[in-house]
Structure formats: structure tokens, C-alpha cells
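There are 2 protein chains.
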Amino acid sequence: METIVLKSEPHRAGRQWKFAGAFYYATTVLTTIGYGHSTPSTIGGKLFTMCYAMIGIPLGLVMFQSIGERVNRLSSVIIRSVKSSLHCRQKEASELDLICVVTTLSSLTIAGGAAAFSRYEGWTYFDSVYYCFITLTTIGFGDMVALQKDSALSDKPEYVMFALIFILFGLAIVAASLNLLVLRFVTMNTEDERRDEAQAMQALAGAVRLEGDVITANGSILSGQLGHHLLPMHELHPPQGPIVPSPAIYTNHRASI
Amino acid sequence: METIVLKSEPHRAGRQWKFAGAFYYATTVLTTIGYGHSTPSTIGGKLFTMCYAMIGIPLGLVMFQSIGERVNRLSSVIIRSVKSSLHCRQKEASELDLICVVTTLSSLTIAGGAAAFSRYEGWTYFDSVYYCFITLTTIGFGDMVALQKDSALSDKPEYVMFALIFILFGLAIVAASLNLLVLRFVTMNTEDERRDEAQAMQALAGAVRLEGDVITANGSILSGQLGHHLLPMHELHPPQGPIVPSPAIYTNHRASI
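Those protein sequence lines, which keep their order, are chains V and C. Here the first sequence is numbered in the UniProt record's numbering, starting from 1 and rising by one per residue. Here the second sequence is numbered in the UniProt record's numbering, starting from 1 and rising by one per residue.
You can take every hint at face value.
Computed footprint of chain V on chain C; a stretch qualifies when at least three of its residues, placed anywhere within it, have a C-beta under 8 Å from a C-beta of chain V: (1) 27-34; (2) 57-63; (3) 134-140.
Pair by pair, the computed Cβ-Cβ distance ranges are: (4) C:Arg-70 / V:Pro-58: 19 to 29 Å; (5) C:Ser-154 / V:Leu-74: 44 to 54 Å; (6) C:Lys-149 / V:Met-201: 50 to 60 Å.
Sample of chain V residues at the chain C side, in silico, Cβ under 8 Å: (7) Val-29; (8) Thr-32; (9) Thr-39; (10) Ile-43; (11) Lys-46; (12) Pro-58; (13) Val-62; (14) Thr-138; (15) Gly-140; (16) Gly-142; (17) Asp-143; (18) Arg-195.
These aren't lab readings, by the way, just hints derived from the structure by calculation. Even for Gly, the Cβ is constructed at its ideal location relative to N, Cα and C.
Working from the sequences, and respecting the hints, build out all of it.
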């Protein structure tokens with residue numbers, strides 16, 4: 001990337017297109033933060049950025065969402081064991097417990113990150129909180145950008161590492177919150193529809209595949225063998241056969257789901 | 001917002017914090033584009049932006065994802081009717097068809113938007129494509145921002161309308177692609193687990209709630225009424241009652257799902 005993307009804002013500090021700077025730039029592209037502290041100025045650079053983003057952003061989204069889901073699952077395991085050790089009546093982790101944990105984690109991440117950034121960058125604590133918030137929501141205005149002072153990108157590798165880990169860890173926590181608060185509702189329609197479809201199929205299959213011994217409601221057992229060939233649905237309604245009274249089994253079965 | 005957020009970059013053109021500019025700013029915050037062409041500089045402005053984003057971004061996400069899902073559903077209806085009229089063998093819209101349609105829509109949106117922006121802003125066509133791409137992926141570097149020349153925000157209301165509609169429409173199309181390509185995979189684990197759980201519950205419920213008339217495999221109809229109280233699971237295994245031969249109905253039933 002260094003060879004095709006040129007340093008576009010030479011008035012900012014730091015060696016923007018050495019490895020650390022390029023990595024920082026790539027992170028802001030893939031996470032869609034897009035501070036704009038360094039941007040491609042050549043046609044090749046812009047083209048590469050577009051191709052890179054087109055592949056990288058969906059992959060990044062999948063990665064952060066997967067991590068977020070795992071954070072949620074880990075949280076629920078921890079909540080359950082804590083509740084177990086406290087001998088709570090309700091041992092399962094509820095949605096509300098999870099939301100509380102993830103909100104606390106997000107707040108701690110922003111508070112901790114802000115403390116570090118205000119120390120390293122010389123910002124006020126409030127400004128650092130604002131920077132962390134704008135970064136982790138991926139708004140990324142670029143009015144305040146970390147790693148731009150005192151050639152931090154080349155001279156303070158531990159600070160660069162911290163800033164990048166903060167962004168990746170913070171985004172994972174935010175992804176966990178979004179997974180919990182938004183995505184479940186967003187995919188609910190699709191999920192419900194699929195489940196309804198699957199259930200309709202099952203009801204149909206259940207009506208036909210009633211094979212083996214049947215215990216009726218009055219307690220008697222009926223032996224019935226379909227053998228190895230299953231009757232197709234229409235054979236249950238033979239025009240010359242016995243009339244099936246309504247509600248028949250498949251109607252009942254569907255209604256019971 | 002105008003009263004608490006101050007114009008922070010007075011060197012840029014346009015009245016940034018009049019209604020049109022503030023609306024543009026709010027759009028860049030809620031969509032997480034965050035060009036950074038105008039940013040809050042006061043403590044009140046930053047605080048308001050954070051609160052606004054904390055509520056608005058999840059709502060925006062839900063909105064765009066809902067629209068995206070509806071775009072996908074509309075596409076599949078259109079594909080189905082086109083296939084019907086062309087007398088295709090496979091009448092259902094496959095996932096691949098949908099991906100093709102949504103990709104074409106995205107490309108057309110970017111191509112069309114780029115043509116308009118290159119005309120209004122005097123950018124080259126390639127730069128306009130780059131701008132549209134960086135905007136619709138919500139990276140929003142802010143190296144190129146529409147509506148900043150010739151006091152467009154106050155003097156060209158039709159162009160302002162076009163730019164905002166382009167962003168909202170474009171993001172809906174991008175959301176449709178993401179819904180199709182990413183979100184379904186991301187929520188697959190959760191979905192599968194829930195479906196498995198629901199099915200296990202149904203299998204259990206199905207074994208108990210076999211109510212009404214039963215058609216056995218040999219064709220006879222058995223009338224059995226549980227009445228209004230359903231037998232709990234353990235009552236199907238009365239120790240003194242008739243021994244249920246295996247495979248019994250609930251075993252079969254579970255296996256058939």
C-alpha cells in the first residue's frame with residue numbers, strides 16, 4: 001500500500017505511510033471509522049482503497065459480529081456461574097442481565113481508553129471521552145485523531161499498539177451491544193418467517209410419518225405400520241375411502257405448534 | 001442544535017449550521033459517515049452529539065436494515081413475476097438472483113450518483129465514484145464532501161435534497177446487500193440454535209398434544225379426546241399401565257422432524 005498511496009496531508013505529524021501509519025489507515029478503512037487524517041490522493045490509491053474496502057468491510061463486519069456474539073455468550077456463562085455461586089433462584093442469564101453487562105463493559109472501555117488518550121495526547125478527559133465515542137461508533141469525524149502528535153507513529157510503538165488494540169477491542173464490545181440490541185430485532189422477521197415455514201413443513205411431514213404404535217388420548221395403544229413406503233398427502237383423502245372428519249390429525253397438529 | 005453547536009470550520013463554504021447544514025451534519029452522525037466537514041467545538045455540542053448518536057445510530061441501523069430487508073423482498077417478488085412471465089422452470093427467486101439484483105442496484109446507484117456529483121461539484125467522474133463509494137460504505141473520510149461549494153447549502157435546495165436522498169437511498173441499498181451477504185451468516189448460529197430449541201419443544205409438545213381424530217397407517221380413523229386438560233409427559237409412562245413398545249409415538253415423532 002505504501003507504494004501506491006501517497007501521503008496526502010503533509011501538514012499533519014507522523015510518518016503516515018510507513019508501516020504503522022498504513023496499518024492505522026487500513027484499520028480506519030476496514031472499520032469504516034474513516035477519520036480522513038490520511039487519504040489516498042492518486043487514482044491508484046483511491047482504486048485500491050475501494051477494492052480493499054469492498055472485500056474488507058464485509059469480512060470485518062462478520063469478524064466483529066462473531067467476536068461480539070462470543071463476548072455475549074461468555075458473559076452469559078459468567079453470569080450463570082456467578083448466579084449459581086450466589087444461590088440465586090433464577091440461574092439463567094436473562095437478556096436484561098446481558099444488556100447490563102455489555103453496557104458496563106462499553107462504559108469501562110470508553111472510560112479507560114479516554115484516561116489513556118488524555119494522558120498520551122494531552123487532551124482534556126471530556127475531549128478524550130468524545131474521541132473514544134466518535135471512534136467506537138465509527139463516526140470518525142477526524143477532528144481529533146490519536147497518534148498524530150510527536151511522531152507517535154514511529155517513535156512510540158507501545159502507544160500505537162495500545163491505540164489499535166483499543167479500537168479493535170472497543171469495536172468488538174460495541175458489536176456485542178449491537179448484536180444484543182439491534183441485530184436480533186432486525187433479523188427477527190426473517191427468523192420468524194423461516195421458523196413458520198419450517199414448522200408448516202414439519203406439521204405436514206408429521207401428519208404423514210405417523211408410524212409405529214400410537215397411544216390415543218383414552219389410553220389404548222394402536223399398532224399401525226406404514227411399512228417402508230410413506231403415504232403421500234393426497235392418499236390420506238381417498239375419494240372412495242373413509243371420510244376424514246375435521247379436525248383431522250394434521251389440522252390439530254399444525255394448531256398445536 | 002444550531003444554538004448549541006458552533007460552526008467549527010469557518011474556512012469551508014456554506015452556512016454549516018443553518019437548517020440544511022445542520023440536517024446534513026445530523027445525517028452524517030446518524031449514518032456514521034462522519035465526514036468531519038463540520039464538527040461540534042463546544043462542550044455542549046459534543047455532549048449533545050454523543051447523546052444524539054447513542055440513541056440515533058441504533059435506530060438508524062434498524063431503519064436501514066428494515067428498508068434493506070424490504071428491498072430484498074420486493075426484488076424477490078419482481079424476480080418471481082419476471083421468471084413467471086418468461087415461463088422459467090425454476091420460478092422461485094434464488095439467493096444468487098437476489099445478490100445479482102442488489103449488486104446491480106448498488107452499481108447503478110453509485111454510477112448515477114457519481115454522474116450527478118461530477119456535474120454539480122465539478123469533480124472528475126472517477127473522483128465522484130470514489131466519493132460515492134466512501135460515503136455509502138460510511139467510511140466518510142471527508143477529503144471530498146458534497147454541498148460545500150458556492151454556498152450550495154443555502155442557494156441550491158434541490159441539490160441539497162438530491163444529495164440527502166442519494167445518501168439515504170444509497171445506504172438502504174447497501175443495507176440490502178449487507179442483509180443478504182453478511183447478516184444472515186452472522187445470525188445463523190443464533191438462529192440455528194433457536195430453531196433447534198423450538199423444534200425440541202415442539203417434538204415434546206407434539207407427543208402430548210395428539211388430540212382429535214387419528215388416522216392410522218392401515219386407514220382406520222380413531223376418535224380420541226383429551227378434553228381440555230393435556231396429559232403431562234410422565235403420564236404417558238404409567239408404571240402400572242400398558243407398557244409402551246419402542247418405537248413409541250414420541251420417539252418416532254421426534255425422529256421425523
